[in-house]
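Residues per chain are reported as follows:
Number of protein chains: 4
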Amino acid sequence: MKVHTIGGYEEVGRNMTAVETNGETVIFDMGYEMEEVIGADGEVNEMTTNETLETGAIPKDKQIMHNDVRAIVIGHGHLDHVGAIPKLAGAYDCPIVCTPYTKKIVEKQLEDDRKNIDNPVIAVEKGEDYTISDNLSLEFMHVNHSIPQATLSLLKTPEGNVVYGNDMKIDQSPVGEETTDVERLKKAGREGVKVMIPGTTRVDSEGRCRSEESVAVELKDVLDSCYQAGGAVILTTFSSQIARLNSVIEANEGRRKIAFVGRSLKEYTKAAEDLGLIDLTDVEVVSYFNECKELMDKVDGAREDWLVVATGNQGEPGAQMDKIASGTYPFDFREGDHVIFSSQVIPTPLTQANRYSLEKKMKEQGVRMYKEIHTSGHAKREDHRDFIQHMDPENIVPSHGDIQKLGSYVELAREEGYSLEEDVFIGENGRTIEIE
Amino acid sequence: MKVHTIGGYEEVGRNMTAVETNGETVIFDMGYEMEEVIGADGEVNEMTTNETLETGAIPKDKQIMHNDVRAIVIGHGHLDHVGAIPKLAGAYDCPIVCTPYTKKIVEKQLEDDRKNIDNPVIAVEKGEDYTISDNLSLEFMHVNHSIPQATLSLLKTPEGNVVYGNDMKIDQSPVGEETTDVERLKKAGREGVKVMIPGTTRVDSEGRCRSEESVAVELKDVLDSCYQAGGAVILTTFSSQIARLNSVIEANEGRRKIAFVGRSLKEYTKAAEDLGLIDLTDVEVVSYFNECKELMDKVDGAREDWLVVATGNQGEPGAQMDKIASGTYPFDFREGDHVIFSSQVIPTPLTQANRYSLEKKMKEQGVRMYKEIHTSGHAKREDHRDFIQHMDPENIVPSHGDIQKLGSYVELAREEGYSLEEDVFIGENGRTIEIE
Amino acid sequence: MKVHTIGGYEEVGRNMTAVETNGETVIFDMGYEMEEVIGADGEVNEMTTNETLETGAIPKDKQIMHNDVRAIVIGHGHLDHVGAIPKLAGAYDCPIVCTPYTKKIVEKQLEDDRKNIDNPVIAVEKGEDYTISDNLSLEFMHVNHSIPQATLSLLKTPEGNVVYGNDMKIDQSPVGEETTDVERLKKAGREGVKVMIPGTTRVDSEGRCRSEESVAVELKDVLDSCYQAGGAVILTTFSSQIARLNSVIEANEGRRKIAFVGRSLKEYTKAAEDLGLIDLTDVEVVSYFNECKELMDKVDGAREDWLVVATGNQGEPGAQMDKIASGTYPFDFREGDHVIFSSQVIPTPLTQANRYSLEKKMKEQGVRMYKEIHTSGHAKREDHRDFIQHMDPENIVPSHGDIQKLGSYVELAREEGYSLEEDVFIGENGRTIEIE
Amino acid sequence: MKVHTIGGYEEVGRNMTAVETNGETVIFDMGYEMEEVIGADGEVNEMTTNETLETGAIPKDKQIMHNDVRAIVIGHGHLDHVGAIPKLAGAYDCPIVCTPYTKKIVEKQLEDDRKNIDNPVIAVEKGEDYTISDNLSLEFMHVNHSIPQATLSLLKTPEGNVVYGNDMKIDQSPVGEETTDVERLKKAGREGVKVMIPGTTRVDSEGRCRSEESVAVELKDVLDSCYQAGGAVILTTFSSQIARLNSVIEANEGRRKIAFVGRSLKEYTKAAEDLGLIDLTDVEVVSYFNECKELMDKVDGAREDWLVVATGNQGEPGAQMDKIASGTYPFDFREGDHVIFSSQVIPTPLTQANRYSLEKKMKEQGVRMYKEIHTSGHAKREDHRDFIQHMDPENIVPSHGDIQKLGSYVELAREEGYSLEEDVFIGENGRTIEIE
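Taken in sequence, the protein lines are chains A, B, C and D.
Sequence positions in the first sequence follow this note's numbering and run 90 to 525.
Sequence positions in the second sequence follow this note's numbering and run 90 to 525.
Sequence positions in the third sequence follow this note's numbering and run 90 to 525.
Sequence positions in the fourth sequence follow this note's numbering and run 90 to 525.
Each hint should be verified, as a subset may be incorrect.
To be verified - As a list, the in silico SDA-like pairs of lysine to any residue whose alpha-carbon atoms are at most 20 Å apart: (1) C:450 x D:296; (2) D:452 x C:501; (3) B:387 x B:433.
Unchecked claim - Far from chain A, some chain B residues (derived; all Cβ distances over 12 Å): (4) 130; (5) 152; (6) 457; (7) 461.
Keep in mind that the hints were calculated from the coordinates and are not lab data.
Note that this is a predicted model, so its numbers are computed, not measured.
The beta carbon of each residue, even a glycine, is placed where N, CA and C say it ideally should be.
Work the whole structure out from these sequences, hints included.
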């Protein structure tokens, strides 16, 4: 069996891995490297595949271009996992397989990019068996992450089973979903796992990842404080964080009218509503400029009637938080208004500068800010140890990180008895690892 | 009116402030500077007052030694507020006034020190009015901190009211007590506050302090994970954190037998039990060496039957965590055992080294660790802003911090309209501030 | 005597302090707050004084607007000391007094701003006595900083002498000038100093500031390495750092032709050349776009013949380093070319993002980078202690910093025997401190 | 050819690597892991090899225990390269080969340990050819580090040449020695290097390492300041840093009498004196308790006559700096005395706590401190790039670091065209890497 480490092995982002066995290949994920997408000279959607490859925004997949690829399996709907599909999937004559919520996001990606991609997109529910070919089949196992319907993919092959799970955690108190299906994982372990390919984004943090429920309590505490103090309240979070948005709606307890403001919020929540994952009945969702303007005008006149949830938690120029803080709309912050960041700042200088500028504007207007009311969607060190112990894989190829993060995972694996280049491997974009 | 800033104005610790009005003086707090207590050559309990003064472990109170002191008011029972009582109180012919739980701690301090101190210790319930003299009276207002029965002291004087609250926060979801009595605070504000003397320990942190309930959820999540994985589970926290201990008992849900191990745990929890603040019926509490040894022997033989709560969360040499990790007892850690730190490391090099040594020992034995399952007991920036807005004091003298922390508070006060040395003042140990 | 702390007491920047004695007032410095200048909506040079005041870019001087101001004394030519002159000086009917090099910079400022300012600008050599009024006279004492002819101003008044020195250090091995005139300082001390007003920018750093000569050695080492490796070599530093530029010329040892590229480099070095402070005979100095383009074209064709010194060490968009890295000129970096940053990054998120973007561009082109070949121009803690000990002032008003930095200075002053609000004071923009 | 990565591949310390070719093996270095040596229960010198192995203080060499080892080559005399010789060398029937200064240190190690080790220790000058066997020969190439006579070892084998250089840098302005012999390195490159095994300790720092001469200038600046201010001056540095000690002697310019205080200072400097590397004629060197006591007594009485250089720069309890600060000797610090740390703090919590305690003691006595007057002995990123470019090795096995540091080197190697597990490899203690 060969594991092709194509993208996401020298960076956090542009994930792409392929597993080759008996002449058949399955691709896992096709994602963006977000900083390069943002830094590109121009709109990535408008670029050709070759232009995009040059920017470094998508994985360089030439090492498997002549393989017999039977399926493109997408673990969940974040852009660092689905973003490159419009650019790369067309070259492979095979279906794209994912859970129903992920399917909606993939289809939106394809629609926005307007390339002629005709790979069928097949929705498979967790726990179902999907036949890829005579020799290969696939099952999605339920895990927690920070977007609905994230999965660990279990690929069954004649050479043994492969578990691919680039982003996941074990949340003991999740919101709106079950805890990671530990029993299924243990069963997979008992059936035998030839190779596990886990993400490493947070393996360098000790302990376990905090639960969504713990954040929900904190969120309600902050909201209560804000409501008691009075003034406008604006909250911003990641648009795909449907559980968090549900926590916001619940914490509000009907005290204020809720508005979701921004295009990505609309897209992700509408997709979630279609699948019954969120109830938007009492939420006003706006995205076009005039809609937003009208809404914010209403908020300005009745600031204590509204809880506004807006896009732009990283301070991205042009996103809704930036627009609101810059006076783009007929809304002005007043001393004592509140802004809640239910997110963390992505630690790159460019993002930090954006957030700094946004916060500076708001601070000058007397806004009170509450930050990092948030938990990550990524397993930390002890969660990762659980994944290893539950599935006891013969080999591990850590993914989704630069060599420092992959190395941190190796240190953990050593504690669990693995040895470098014997049964735990450090990938490199373009490397092919042979598993005996 | 004069505010004497005696201790805790150039450091975090050894708090002591005195308010003088019309010839009468009231002292607030008499605390230790813990690093100097630990670093002293010898046992502080065995030292004379003058010896202790030289170490820098207690406040230098000579600036009020000839004042007519009518009361020593203690805000709560932490050592940086009560530790110096056995050394300093005897010089003042007046009672020590505090809440019932604090009284128990003060009495224990006096007993341990065995100096001949005969100041009466008077317990006053929150909300009651205590008459200090013809001109002065006192009311304790309820606030949240990280120990039972912490208070904001409201001293009523002919020159106006004084609010002293060295350590406090507003917890929207506390455990085992009510949220800070905001209505009472606002009423105090309406009645007029001449001077407010708030602590500044965390004013340099943005936002608000997380609630105990949010930590309780996280604690239960971690405990669930540990129980599922199996093995011994040992938790350590601050002994006076009765709310946290209640959260531990509740999170356990009767799944394991609980033992409290260590002298200070015994003292603080027994005092709490006397006042109905914790139920120890199903908890085995041990403190003498042989008791601890016997208990840990039992745990060694039935490690999955017990949840051990031990002292020594900072890795203090000789405390229970250190003893347990060092093989002092007939108990050995095994690979996969768990240790939960429901605390944070005090950021001084000596403590960090102690914790590092403790963790190194445990890591070498294969212990899995979970850290900082914790929230602070101190108001952060936006909590402090609330205190200002609720009470609208005419003057503020920030306390309990070095000049950097006092300065951070001044920056906040400026945002709320105060000006340096007009109505917000920076104290210095030994300074006397005249309030007009 | 009154010390009006007008600007630079809540920030690093927009320095302005005034000393009032017997009805006469002397202003020290009128500077910019650079971040606000950069962040302003529009070109500050084009704004009116009132518009500029609103941005927060210049000091708010209303507290002395009706004073009898007899002189505006400028300590040295950096923008945080001279930038606001075109906006504020016109309101005072008095001369601007400074050293000859500073005079050239002030005149350039006035010329660029094109407001009708007719205050005479008077150049006074260090060591000379300048009569301000019947009662007041001034002497500039020599100190090291990071620009030529920086001074400590000694103002002689009937109420005692005032020493104002906002930016200074003691360099034991300076380049192109003498060490701070310690003997003159000690003499000032013996004559008596009523108030000293020192800057605090680096007082929170321990030890002493490294010398220019020590940096010169490091600079030559790096240059030697670059020349040995071959390829283009581009260096960037602060344009007013004439000593550093002299070190560069010397380290080059005639091995390559030198070009200075950029408008501010031209201005500051031409002014220095006029006063004999730098020899530009063998340096090609270019600033207009076409000149720069032509020069860089030559460098591209003969990259090992040139040592280019360019503006833009902070990665400022549009400055020469940014232009060079972005392909604005007919010059392309090749793998193995070298860029030397003889400067440090100003630690604000916006600057850090600019530098990150610049470095990212260069890294993608294979440029080798050498950073922080630099020393500060600001006294560190032990240098400051020397200033105190040399002059033994009766009172100190630390300046040029936010409350954290002013507070750090107070901690130092305490070690030297001063007490807060007795003989060491914390200013606030708008505060007036009475000195008895 | 096989490269056995035995020690120093999961930590900084206990270096040991072996190269096997045609049935013959050469060992490079046998070092201590210092933290484990310090943390061991007991004196390592008194332990058996097996006891020491259990502490983790020395490399686990079982993977080559049955190899035909022909030589043990020691690169330089630091303990992380020579410390384990007394424990491990005896098992191999072969000579220990090193430069003359290293030989003196090895012999001292053997003497202190008093095990029966009878491997001959052979001194080989740099540039000479030493014949190991019919097939193997060795040449030491000159490099700079932070101890005299550090080397890059060039092992010539029928399968190609091996370059081992665990610690080294390129110093353009060294003190008391030549710059790394770049011409010899380039020649080695032209002759062909099959494998290079470089240290990685500082590869994660950008740029180049500062020169000793640049530090010498800074040292003299600080010394000048101290002498001008008066009072006692005590300096502490690493005892093996002979170049630094020479800089100290030179900076003193005969102004004060110099004393070297401490056992390791005596050992390292006496060894250096024997080889003409330092002139101790005018230095009083003391090490026994009574000698030190007597010397410090003299200093106490004539504090401005002496410049004391003492061991214990890390604040090690019991070392001379600790003794001096703790009043062990009849010497008391006075306000205004000076202590210069010509070293950096090793960033582990235990060392940081030691230094903190030492500095706290001195601060309480009014000592002025000057820290990090120092440069590292380890190549930084651009120095490492030079080593790669000069020798253009076919394969690289980075050493002397944990997986994070090895990974940082891999990132550099990628920039130079190498690929993971093709021609650049990540070792692991116990791994054997096959080089084709």
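Against the structure, the hints:
Annotation: proposed proximity of residue 450 of chain C to residue 296 of chain D holds, straight-line Cα distance about 17 Å (limit 20 Å). About 12 Å separates the Cα atoms of residue 452 of chain D and residue 501 of chain C, which keeps this hinted pair within 20 Å; it holds. As the CA atoms of residue 387 of chain B and residue 433 of chain B are separated by approximately 29 Å, the hinted pair breaks the 20 Å bound. Under the 12 Å C-beta cut-off, the non-interface status given to residue 130 of chain B relative to chain A holds; the minimum distance is some 36 Å.
Remark: the non-interface label on residue 152 of chain B is consistent with the geometry, its nearest Cβ contact in chain A lying 38 Å away (cut-off 12 Å). For residue 457 of chain B, the requirement that its beta carbon stay farther than 12 Å from each beta carbon of chain A is not met, with the minimum near 6 Å. At roughly 8 Å from the closest C-beta of chain A, the C-beta of residue 461 of chain B falls inside 12 Å, breaking its exclusion from the interface.
Checked against the numbered hints given earlier, the structure breaks hints 3, 6 and 7 and satisfies all the rest.
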